[in-house]
Structure formats: structure tokens, C-alpha cells
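Enquirer: Residue-level listing of the chains:
Number of protein chains: 2
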Amino acid sequence: MAEQGLFKIKDDWNLEIPVIDENQIVNYGSNLLCGNGYLGYRGTLEEWGKEQYKACIVTDTYDMADGKWRELSNAPDGLYARVTIDGKNLAHDPGSLDLKTKLNFNYKYGIFERSTLSNRKENSYKIYSQRFASYDNLHLIANQYILSGVKDSDVVKIKIGIEGDVWDLNGTHLKNFSSDYDSEKNILYIKAETVEEEIELVTALSFKIDSKIKNIAVDEKEKALFLIIEVDNTDKKEIKLQRNLIIYSSNDTKNPLKKALEDAENSLEFTYDELLEKHKDKWDQKWEIADIEIKGNLMDQLALRFNLYHNIIATPTHSEYLPIGARGLSCQAYQGAAFWDQEIFNLPMFMYTDLDSAKNILKYRYHTLDGARKKAKDLGYDGAFYAWISGKSGKELCPSFFFKDVISGRKIRNHFNDWQIHVSPDISYSIWKYYLATDDINFISKYGAEILFEIARFIHSRVHFNQYKGQYEVIRLLGPDEYHENVDNNAFTNYQCRFALKIALYFYFKLKNESTGQLEKIVDKIDLNESEITAWQEIKEKIYLPKPDPENKLIEQFDGYFDLEDTTAEVLRSRLIDKSEYWGWPNGVAVFTQVIKQADVIQLFTLHDIFSEDVITANYDYYEKRTQHGSSLSPSQYAVVAARLGRSKEAYRYFTKSAYIDLKSSNKAVSGGTFIGGVHTAAAGGVWQVLINGFAGMILNKDGLLFKPNLPEEWDHIKWKLIYKKAKLKFKLTRDEFLISSDKANKRDIEFKVFNKKYIIEPGEKLKISL
Amino acid sequence: MAEQGLFKIKDDWNLEIPVIDENQIVNYGSNLLCGNGYLGYRGTLEEWGKEQYKACIVTDTYDMADGKWRELSNAPDGLYARVTIDGKNLAHDPGSLDLKTKLNFNYKYGIFERSTLSNRKENSYKIYSQRFASYDNLHLIANQYILSGVKDSDVVKIKIGIEGDVWDLNGTHLKNFSSDYDSEKNILYIKAETVEEEIELVTALSFKIDSKIKNIAVDEKEKALFLIIEVDNTDKKEIKLQRNLIIYSSNDTKNPLKKALEDAENSLEFTYDELLEKHKDKWDQKWEIADIEIKGNLMDQLALRFNLYHNIIATPTHSEYLPIGARGLSCQAYQGAAFWDQEIFNLPMFMYTDLDSAKNILKYRYHTLDGARKKAKDLGYDGAFYAWISGKSGKELCPSFFFKDVISGRKIRNHFNDWQIHVSPDISYSIWKYYLATDDINFISKYGAEILFEIARFIHSRVHFNQYKGQYEVIRLLGPDEYHENVDNNAFTNYQCRFALKIALYFYFKLKNESTGQLEKIVDKIDLNESEITAWQEIKEKIYLPKPDPENKLIEQFDGYFDLEDTTAEVLRSRLIDKSEYWGWPNGVAVFTQVIKQADVIQLFTLHDIFSEDVITANYDYYEKRTQHGSSLSPSQYAVVAARLGRSKEAYRYFTKSAYIDLKSSNKAVSGGTFIGGVHTAAAGGVWQVLINGFAGMILNKDGLLFKPNLPEEWDHIKWKLIYKKAKLKFKLTRDEFLISSDKANKRDIEFKVFNKKYIIEPGEKLKISL
Ligand SMILES: [Ca+2]
Ligand SMILES: [Ca+2]
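So the protein lines, in turn, are chains A and B.
In terms of the UniProt record's numbering, the first sequence is numbered consecutively and its last residue is 771.
In terms of the UniProt record's numbering, the second sequence is numbered consecutively and its last residue is 771.
Hints listed in this document are in silico derivations from the structure and should not be mistaken for laboratory results.
Each hint should be verified, as a subset may be incorrect.
Repeated chains share a single entry, so a pair holds when one copy, or any two copies, can fit it.
DSSO-like cross-link-like pairs, simulated, lysine-lysine; straight-line CA separation at most 30 Å [claimed, not checked]:
| id | residue 1 | residue 2 |
| --- | --- | --- |
| 1 | 469 | 374 |
| 2 | 553 | 377 |
| 3 | 547 | 469 |
| 4 | 50 | 757 |
| 5 | 374 | 512 |
| 6 | 768 | 295 |
| 7 | 469 | 510 |
| 8 | 726 | 708 |
| 9 | 547 | 377 |
Pulled out of the complex, with its shape left as it was, chain A reads as follows (with noise of 0.2 Å):
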């Protein structure tokens, strides 16, 4: 029952709030949020509203209200309460001091629960409600509202029903409200669209009580329809309220106000507690894959659980048409958008544990090809450039003008839309890794192999040859450390053009020998020449990789940066003018040195198992002081390096950096006028590379499945499952030992190396390796 500054560990799977912290709405919101992948509805209480950040965001509902940010739009909210007792509000507003609440969520189901209690008039009143969001009914969050201690004297009034004036972070999104009471079927409804894509958005609430009612008075505004119901309370200390909330758009079905009067209806017919089994099932069947044990420190094995816990709500899986937010379904932040987080953070779990939703993943860039196809050729160049902030559509939602100079008020012309072009052969990458891990040849032929060719021709446009040095060179660039924009030669992004074009090549020519017609399709739809193949070839060839210096093994980050002024991130923390001013482009106090945001050449590192032991180290050394680590992918990604270079002790240190990014948040909800909640879904999905790819030391190349094992001192085991190339996997890892066990229903032998030595692990088979 260990205790941590705002939470408390209850079990392995509950993490308890024992007094509410009012300066941390923010992060309860997001951190205790109930998600499925179709909607997020953040932790926040029955009787709170828009000012604490309460918002149910729905995904596939793009809407751009204040001309320049597309983001999700939030829906209106249908699990508003609010109590009050001979007309005094019962109710934790802020500032209430008669009211104590604790807060529990639970991880392995994702469960909210409340329970407020109050002394008053010599009784004590308690509010417990519970809820979740269905993965049985994507459309459902169900609640169990219970109010007692009540007596009969006392005059209970509810007020439930639906909030349309929610929460928006740009612009209002919702227009044209209707709404209707059906008092016999207890079911209200609102319904609103978009005021840009003109979505409808339907939130539909049913409701049963346990006890007579008195009277219901209906309260109708113009965003909102409430309930005020008085409650014959005689003989009765507990008053029990079971609400179905529904949402659906008109994205998800043509008549989404009758989907979603149907399902509140159709919910009715089960108590709270069947439509709660029907969820957990489904919640039973993920992590029976996906979970993974810590022993030794139940801290950290809760903090893993809310983060592979987060990664799977935060992804629409239900679908093959919509991306993964950088903040999930936690908030509008980041517009519900995928960035390249998407293929080189979140989908590695996925690949391993949920292939379907993996597939996904993945189709879903290639169900955005013509936006991509439309960004490459606005900026001027062919094939795929794919979206930095890519919607539903693909189409690029990342604005020029992305910061401002808080000083001067300006806004600054970013390019993270037009020079990060690192994002598409990321997706090549991961379709790589993706067919290996899956040998799923129909996929790539159906889906891979278009956007392959795609990314190699956009690279074929993006690249030029340096006549003078023999040597394609990729110009103007940011990295992933975006602090450095306009670049060239970046390390990571020439490698990964590379090697994207190096999939392409090796795809097309499979293709072409297998004969099976799918190539000539391909190359028919999207007027493939064979003289590109070539260009394709003699770029890979000649295309400037960045060599690790033969003295120093450093490898440089872009041309030119050994050249910049060498400080640290602490010494630029001391030049700020204002402390809410951006470190990057044009004039921040990074631009001209070598602190970097994130990391970058460690970035490569973690992708590429090419480089030798001693490269690594010193690259390692030399960038880990001169990273700020500003983005929430850095510290992950610093623990899977120093893991396989056997550095637990830093690896552990950066395990709990990138695990706690959220739980141990202290932000304020708002900085420099920008909202900065929301749950790093990016680093929720690092956090399982830490444990695979980093304590677990696994690397999957051309080669086959490699682990190179290395249990932090704190840990006593790690347990955990893979599925790889459709077998199911069990390992253990102790001090001493690497446990493999294949399932028994598994249809094939498995080769795996672990350090040096290769294994074959038979279906049913275990295998304990001395360590």
C-alpha cells in the first residue's frame, strides 16, 4: 500500500485518490479517464462542468471551428448529477469544505468510482457512482449513481440529464441543438452538429431509479435538457440511480439519433452490473495477451498497467479508418490526431499482442494515401508525404504558423508540416516490422506495397544529388528533435529513407517473383515506372549516411551540429526571457547549440540494431547530456538503449521517467493559454518498448527474434506474452533465468536467439535459459 505524492497504490490494479487535490482536476481528468477506443470521457465528478475540464471526446467527429485547428469534437455531456437537500446543493464544487471525496480507477477494467460523504444537519450523506466505457457497446458508458445516509424528512432532488455547453479547446464545435424527453421510456436526448463538417453528434441518456419519484420537472435550455426529480425518499436511505449514456455521430451510422435511442433503450433491459460483465469479458480476452507482471515493486507494475492500460483505450481499434491521438481520446490537445507516434510508439504493443488491431493500424495510412499523395504534390513532390497532424482524412491538419513568440506576440512559422518529413518512411518502417512479426504477405500486397512505392517515390522527390560529393542528401529537415528545424542530413531521416526505399525495393522485386499479379496491379493503379525502381536503387545506393567518426565513434545529428555551442539545458533554462517561450525556431534559446528536445540519433539506435556496442555507448554519452527530453518519447526511448547496453540502473531511471510521465504529473492545466493535459499516449505505448525491447532486450530484424535480457535491480520477475508470426508466447524473467514457453496450440517451431545463442522452442514446449 505504498503512498506517492497524489495517488495511492491500492492493489496491482487500483490506484486510489484518498482526498480530492483541487490544483489536479486536470490530471484525474486524464489519467482516471474511461475510454474504448471510440470515446474518452475524462474522471471528472457528476456535478462538475466545463471549467474542470470535463469532456467526453468522441472520435471520427474532425471539426475545425476557429479556422485553423481541426480537432475531435467533444460531445455533450450525459452523466451530469447534482444533488440537493431541502434545495442545498450536495455537491464537491470547488471550494466546498463539508465535502470529503475519494476517487478509485481501476486499470484492469477501467473503472471510475466516486465517493463523496457529507455531515450535515446531524446525518452524513454519501454520493458513490461508478462507471465505465463499454468495449461490449462501443457507444455505451454505463453509471451506477447511488446516493444515501438520506431521511425521510429530507427533501432529495437530482437533477440529471444532458450538458450541451461543454469544454472546447479551439472554438465552439457544436451548433443547431435539439432535444426531447420521452418520460415513458425515461430516455432524453440531445442532438447537435458540427459547425464545420456539420457531423451530427447524439448523446442519448436512459435512466432507471429505485425509488418512486414525486415529481419531474424538465428543465430546457438552449444547449442543455435536465431532469429535476424529486425523490419520495420515505423509508428509504439509499437512493439508486443506473444511467446509460449513448453516443453516436452521424460518422458512425445514418440516423444516429435513432442508433442511439435504440441502444439506450435496448441498455435498459440490463441491470448495471450485466452490462459491467459483458465489458470485463472483453477486458479479460486483451490482457490475457497484453498484460505484463512486474514483481518487486507494485508501484511500478501499476504504473505499467495504466500505461499499456492507456495505449489500448487511447486506439480506435474498432476501426481501420481512424488514427491514434498523441493524447488519445484524454482531450482535443494534439486535435485527436496521429503524428509518427503513431507507427514508431503506439503500434509496436500491438504488433505483438493484437494483430487485428495492429492491421488497423496500419491501414489506416493506407486509407489516407490521397491525402498524403495531396500534401506531396501541393509542396511539389510525388508519391506519399504523409500528414504530420493527419486527421481522418490524411490530408495535413499540422497549421504553418504553429507556435507563438510569447514575447512579441507573433506567431512563429514552424515546419513541422513541410520540413519533418521523417513521418513517412517511419510508416514503411513499421510496415516492415509489421511483416516480419506477422510474415503477413496478404497484408503487404493488399495494403503495404502501395504505400511502400508511394514513400519511396516521395523520397525519389524529396532528395538531391550533391554532384559535387557523388551523394543524394536529404536538405531542410527537422529530426525528431524539433528544436533544430531547417537541418540537413539529418542522421535519423537519411537512415530511414534509406531504408524505406530499401523495403520498397525488396517488396517489389518479391512481389515480382512471386507472379502473382498483385504488382502489376499496383504498378497499373499508381503508373509506376520501372525507371523509378532505378532512381529508387541509385538513391539507396548513394543516398548520405551519416558514419559514425572513426576516432569518436560520435555520429552528428545534421550537418553542422558539432558546430554549435555546446551547453546544457539547464544554462538555457537560464536564458529564457519568459519561461512559457519556446526553445525551438525561429530564435529559441536552443537553436544554436546542441541541446536537443528529444531523443534523435538514440531515436535510430532503438529502430536499427546496425550499429556496434562502442557506437552506441559514446553516442549515448554524448547525446544523454545534451537532451532536455521536452518531448514525452524521449525518455522511453533513452531506457531501451541503456537497457540493451545492460545500463539498468539508467534504463530503470528512464523506465520510471517516461512511466509516471502522467501519474506523477504536476502540471497545471493551462500554460502560455494552451492546455497541456491530456495522457502522453505515445509514452504510454514506450513504456511497453522499455519492457520488450529494453529490459527484455528483444529485437526483431531480417535475422529473426533476438532477446537480450536484463532485469532491473528492482524487479524480481518480469512475466509477460507475445504472439509472433501467429504463436503464442510465454516468458519469464528472473535474476537468473529467461523462461520461454510455446502454447501448445500453436502450429509451428519457433527460432529465437538469446544473446548469442539460438533456440527452438517447439509448440507446447518450455525452455528455462541459464542466465
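On the provided structure of chain A, position chain B with the ligands as indicated by the hints.
Expert: Chain B with the ligands in isolation, oriented as in the chain A frame:
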């Protein structure tokens, strides 16, 4: 006797300041500068000091005192003089109300005159002083100083001497002062050395006084040496002082002190008038060719001569090792260093009026090849990348952080030094023009070819091949319009690069065919490889040249320019947060708009006669509206293009903008902490172009000499002379006629065209062509 704001036109050579306006002191200093290409002595009163921006800037004294700006040094002031009568100052100090000072400047001989009247003690005193910087002895400034109106009873003391505490722009340049006074010879001196380069700088002063001297008191300070001369003025109403100021540096001669003392002594052998006569002879020789007569507007005539004078005195024609400063020798601003202005703005006048000087100007680029080679190499290129700001060595003097963000106080990384590459091909262009004007193949084989080849080499190493588009591109540039940094395929730069390659190839094959062995020498010296020649040919063929749009005839200034916000300089002015903020990179008001600092595409038209009139018209009309003329280089180029288009009203308007840029300046001395005074030498050179290339419409290209004369309405005629292929030609343009005569001493017939008609003129012949 027109009168114009700050000045009065006395006649066609003389400008008068009837009453000193103290707010204009900085402009007087520059506009009334005495100079001779070796030194520049600002138009200041003898009794003034550093507070009044007094300076004597000396060539070849580059020194860095502040760690950032290497600039010319300011010599100790040897013309200091201050009179007291009965212990009371007779000096035009700021706020002196009982004195009236009139100034006169003669632009024919560069003579500065001051006369000051005072009514004091019922008597009227007068100081009259005259000086010139000798073209007979470049180290001499001669001065005649006359005090009149004194009474017998007046106790008259004249303090003369050398003040070493001088005005410096960036740091204090002089140290280790020593001084001496030889009371027998009446010679005193101060010797000092520059702080960085330890250049010895000697200021010597010899004097004669035509009155008896009662007493001389020596006032010696650390950095100064003064004599306080008490004059016996019995029966004398006038005291006449002749002074010879001599300046030498250790870059001029091994023992500058010895030389200075010799010159000081020798010059006492002559009267002031004798020294003046020798000086005038030199100027008469210059004007014999260089003068241009305008009939019909006296002020324009004077302004034109003002500009011719300043272009001449700014230019260190005595040396082939020194650059023309962008502010000449009028102050330390722009570091006394050459920009592209030298070739494109200053040089043309010399090319047709003073061949030796023109050759010296070009040889300077030969002698600075090593600096240009070093710059190229340091930046990862080959060949010669000339310094953006070029001093004696040709090493880059332009600091990386040039401007300051006045809002944040942070320095700005401007890329004049590394991205503004057109300076190199601009030099190639000028070598070609020099060759066309002179047939001087000797210069080409001895100096020009090596420059041309090294510039071609640089271009080869700087361009990139875009395999996808099948073209060479020039990426990451600043064109002449410096508000847009980091642009690709700036039309001006790309055309100039191609031209530079063409010229290099032309002379490569010409020298090869002539088989003089000279090519082999160069090839051997610079290790030129046949494969490089092939590469130049390929780049020349395939370099991307932004072509006029077939519909609207517009040439895009750089890739994407037309997509920028289309607005005006006026609108941008209203967006300024601080009036002194820089409009350009990285985040100034002009950066994301089509507003440009100066002629850019238009500059292309003044250099290359390859575009049709409708293209020039369309682009002139388009870009003119969007040009801020934030550079003094701009108006003259617009004037030339407007004149060639037959738009003589607009051409005249731009002529006046350029010709009066300094004469009518009402700028304050200092803006945003930066001294902004100084003569705009490029504008001075540009005015010559407006007359000759604009109104006379002279174009010289491979096909020969062409005139398209077009006299502005304001004038009755223009008369000028040119040297072309060693022949002296005289021209007169009236409203109806164009008259050309060839000097009878000429040794060849000269071919030329006027509009579309061909003419040949024999030595001694006169042609009258009706217009
Ligand atoms: Ca998806
Ligand atoms: Ca010179």
C-alpha cells in the same frame, strides 16, 4: 539659386549650407566629406570632436576591437582648432547662439569651407577655413584657417593639435599612443596602433602661422597632443594658419612615422594655394571623362555631381588590394568593406571612365581569392565563395548574428554570410562586362579566368540536382531582396549562376583555342579537372531558370513567392511592434508576405538584356508595388528599368530618389542603437547607371553597344563621355537628337546601335541621329 530644405545650390558644382542646423550634423559629416580613396575626412568643424561624429577614416586599417565587427580605423584628428579671445571660446559649440556658421562644399575639387561670424565685445570676429584631401598626395589633408576681425587688445589663443580620443563605432581601435612636438620644424605627431592587428597609425601635423607667436604652451595627454598658441596680434586684424595633416599606416609603408614627418615637412615648402593647384589638376583629369552635364535643372546637375564625386572618393583606386566600402570612407559603418555593391553598383562608372581604376577594383577580387576559397571550404563547398562583407583579406567579415530582435533583445542569425551566394556570380558577370568594354584579354588570362573558374567551381559544389525534376537547383538562398532568407531558386541568383558558368566556359575554351599556355598555367595552379568542365556544361544546360509565366509574364522571385501574403509596405508598417525592428528574417513583418526590400527580379533586367518588353513591363508593374526600397540599391535599378521601358516620368522619380538619398536625408544619426549615417556609395554608383544605362539607355552585350536614349522631360540635354574599347566617345542627348562624336585620337572605328539601327563612327567623326 534654388533652395532646397537643408541646403542651397550655389552653382552647378557648389552646395551651401547657409546656416548650420545642429540636427543635421551627421549628414553634413558625410555629404561634405573630403576624400581621395585613401582617406575620408568628415565635414565637421575644427572645434568639434567625437560627439559631432568627426572622423578621418583611413583605408587598409581593418581591426576588430569588440570581437564582432572588423572595421576601418579612425585616425587621430590633426585638424583640431579652437580659438579663445580673452579666454572665451570662439567656437561653434552646440547651442552657441552668438555665432553663425555657413558651410560650402565644392564637388569639383572636394573643398570644404566654413565661415563663422561672431558679434562679441562690440567687435565682429570671423573664422574662415578651407580644406581638401589631396589627390596629389593621398596622405595629405591641407587646411587654411583664418581668424579675422581681432583687435589689438584681444588676447588671442589658438589651440591646435592632434586629438586621439576619436569616435569609433564598435570598440576602441587605438592603443599605445606616443607623441612628440618638434618646435623648430613646427611639426607634431601622434603614433598609435590598432588593438587587434597592431597596425601603426601616424597622424602628423605641420603648420605655418603668418603672425608672431607670443607663446606656445604644450598640452600633452595620453591620447592627444595640443599646442596653445598665443598670437601677437598687434596691428593685425587677421591671423592666417596653414596646416598640413599627414596620415600613414604601417600597411602603407614600413616606417609610417618617418614618412609622415617627411611629408609634413615637405608640404610646408608649398603654400596652401600651391598644394591646392596640384590637387585640382588631378581632379580636372578625372572630370575630363567622368563628368556628366545636365542642362535644365541646376539642382539635378549638382546632385548628379555629388554622386559622381562620392563614387570616386569612396574608391581606393590607388591600390588593387582594397575594397570599396558600402559607405566609402565616410564612416566606419558597413566596416569599410565591399559587398556585391562594388561590382554591380560602383564599378560600371569606372569601367567606362577610368579603366585603370576599374581593373584595380576587379584585381581586388583576384587578390582576395584565397579568402573566398577559405570561405567555400569552411562551408563545405569548393572554389571561391566570396565574402558577403569583404575587407582586405577577402575573409568573411559578416558576423553570423547580424541584426538584433529589438523586441526580445536576442541576436538574430541572419544568413547574409552563408546563404547570399550571388556575390560570386555577380563578380563573374562584371568580369564579362569589363571584358566587353575593354577587350582586355590580358586581364582575363592573368586574373579574370582564375576567378571565373573558381566561381564556376563553387557553383558546381553549391547546386543540387533534382533527379525527379531533371534540373539543377540552387537551394537555401538570399537574393538581393534580403527580407526573404532561406528561399530556393531565387530567379536572380539562378540566372547569375548560369551566366557565371557560361562565362567561365567561354574563357576556358577561348584560352584553350588560343593555346598561349596561359590556360595550362591556371589549370595547373588550381588543379582544374576536365570532368569539372563537363560538370559546368551540364549544370549550365540543366540549371532551373524561373521563366516568365506564359499567361501573365511574371517571373517568380523564388519558389513559392506568389503564395505569400500579398500586401504592401504601408500595411506592414502598421504591423510593426517597434519602429526599429528588422522587417526580415526570421519573423519580421515582411517575411511571410510578397513585400520585398529592394529590386530583385527587376535587378535581373538591369543586368541581362534577354527579356521581352512585355515581360519587363509585367514584372515592373507587379514588383514595383511590392518593393519597400528598404535598401539604397533599389531606386536606381527601378529608374534604369523604367527609363528603358520609356516611362521617363517614373524613371525620373526614381532618379531623384536615388540621387538625393543622402543630400535630402533627414535621418537621425543613430537608430535602434546603430549609427545609420554615411554616404550610400552604391546609390552614388547607381546614379551614373540611371544616366547612362537608363536615360541614355546604354546596353553592352556580346552583340555590341546599344543605346535607347530617352531624355526626361525635366531636362534639356545631357552630355557625357565614355571610353569604350579604348576609344574616347562624346555624347549629347537632347529632346530630338542624339549626338555622338569620336575623338580624333581614337585608333579604331566604333560600331553601335541606336534603337534598332546600326552605326559606325570613325575617329574624329560626329554623328547626329534624329530621335
Ligand atoms: Ca485505427
Ligand atoms: Ca581598389
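Enquirer: Which earlier hints can't be squared with this structure?
Expert: Of the numbered hints, just 4 does not hold.
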